[in-house]
Amino acid sequence: MHTERKNDIRRAVIDTASRLFYKQGYANTGINQIIEESGVVKSSVYTAFRTKEDILMAYLEKTGAETDRALQAAADEKDMPEEKVLAVFDFLIGLVQQDGYYGCQFQNIISEIPLDAERVIQQIQKQKDNVRRLFVNILEPAGKAELADQMYLLFDGALIANKVYKAVWPVVTARDLAFELLDRYEY
Amino acid sequence: MKKSSLRATILRTASHLFYRQGYSNTGINQIIQEAGIAKSTLYQQFRSKEELLLEYLDETGVRTVEALRRAADGVADPKKKLLAIFDHLANLVTREEYYGCHFLNIVYEMPGNEIRIRAGIKKQKDAVRALFVEILTPVGRQELADEIYTLFEGALVGHKIHQAVWPIEAAKKSIARLF
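Those protein sequence lines, which keep their order, are chains A and B. Counting in the working numbering, the first sequence runs from 1 upward without gaps. Counting in the working numbering, the second sequence runs from 1001 upward without gaps.
Hints were generated in silico from the structure; no laboratory data involved.
DSS-like mimics (lysine-lysine), calculated; alpha carbons at most 27 Å apart, straight line:
id	chain 1	residue 1	chain 2	residue 2
1	B	1173	A	126
2	A	62	A	42
3	B	1039	B	1003
4	A	126	B	1172
5	B	1123	A	166
6	B	1049	A	166
7	A	23	B	1049
8	B	1123	A	23
9	B	1049	B	1122
10	B	1080	B	1173
11	B	1049	B	1123
12	A	6	A	42
13	A	23	A	126
14	A	62	A	23
15	B	1079	B	1172
16	A	166	A	23
17	A	62	A	166
18	A	23	B	1122
19	B	1080	B	1172
20	A	166	B	1122
21	A	6	A	62
22	A	52	A	62
23	A	42	A	23
24	B	1123	B	1172
Using the sequences and the accompanying hints, generate a full structural model.
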């Protein structure tokens, strides 16, 4: 019972913080606003999380796991390795057009945090490494694992260019290039 | 001090601070302090902090695209020109005073609808894309320009996240395969 309540508190804080960090940015979100909007009493928030950075870490872990699952699910829809890669880009094309999409959560945070926030940076690297590993896993059976990091580069390039232009074309362009690179590859 | 050099001093100080510590973290007071001028002097030259940002983006935009063009000018073949541009990036990111792409940094600081600022950023990115079109047109491959641009952004953001040069090398591998 006690643990359950503790988990509820953690969940309420993380859910509220996730929404606020994503929508208005990490620096722009004060811990007081998180307390207020989560409806959790201040002392309980501080029992669950010592600092705002602790909440950020929990947010990145949760969002990272959700992202990994969504990308894997998109890839799982297809059978051939090349099709799986393209399905990941198709998923992005849909994602960036959703209401309430404000860019890649991890790219957004990396530009907001100070260079010495090492564990935050490591967590973001870890999430991006998962994306790289996904491409390796997909492409290995086709003998094209060497292309994995190039696919990853297109993935992140598409997301940031989408943010610059507020347009879908960079993601479509990335998909086209991914197709071309996969098609031309000879080993 | 002459009016034009005063303007240049203010802009140089502001640019340095915007780049190093971010736009929102830089206050007008810090700019006047570090430039060694009175607040009224700054406002005679620039109407607002946003005005300074726009000029910073404009000036840095011209300078950075010129540097890319210079890198490409050293070789004749389009493929080599593109690779030379990415070599330039690889060199750039290892400099001590490199804090990421000026324009992407500002994009992340803007929550949404700052139309003039976003236009200033797009202007520089459009110039990069136009440079790729220019390089690729002689070999009839201009349709690749935006694909190269996506790799360019991927390399910059990849470097920022992983704090390593390999994303730029990966971009070069993609380019090498396209010719």
